[in-house]
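Colleague: First residue of the sequence shown: 1, per the UniProt record's numbering; consecutive thereafter.
Since the hints were derived computationally from the structure, they do not count as laboratory data. Hints may be right or wrong, so weigh each one.
[Unchecked claim] In the DSS-like style, the derived pairs of lysine-lysine whose C-alpha atoms are separated by at most 30 Å in a straight line are:
{"hint": "1", "residue 1": "36", "residue 2": "46"}
{"hint": "2", "residue 1": "25", "residue 2": "43"}
{"hint": "3", "residue 1": "25", "residue 2": "46"}
{"hint": "4", "residue 1": "25", "residue 2": "7"}
{"hint": "5", "residue 1": "36", "residue 2": "7"}
{"hint": "6", "residue 1": "25", "residue 2": "36"}
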Amino acid sequence: MASLFSKIAAFARSPQGRRLVDRAKHTAQDPRSRAKAQEMMRKFRKR
1 MASLFSKIAA FARSPQGRRL VDRAKHTAQD PRSRAKAQEM MRKFRKR
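Working from the sequences, and respecting the hints, build out all of it.
Modeller: Next up, the structure:
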């Protein structure tokens with residue numbers, strides 16, 4: 001039985017996974033998206 005990590009790695013190598021990774025990288029470079037993510041992390045860490 002394949003482990004969860006190997007399933008994720010196989011998905012990341014698939015065409016759909018590559019598109020998703022590229023979109024995530026592009027979104028991570030956007031200053032507004034980065035600020036939103038940092039704010040969410042701050043709220044999460046307070047708990």
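Colleague: Now, for every hint given, state plainly whether the structure supports it.
Modeller: Do the hints match the structure? See the list:
no. : hint    : result
1   : 36 - 46 : 16 Å, holds
2   : 25 - 43 : 23 Å, holds
3   : 25 - 46 : 26 Å, holds
4   : 25 - 7  : 21 Å, holds
5   : 36 - 7  : 29 Å, holds
6   : 25 - 36 : 15 Å, holds
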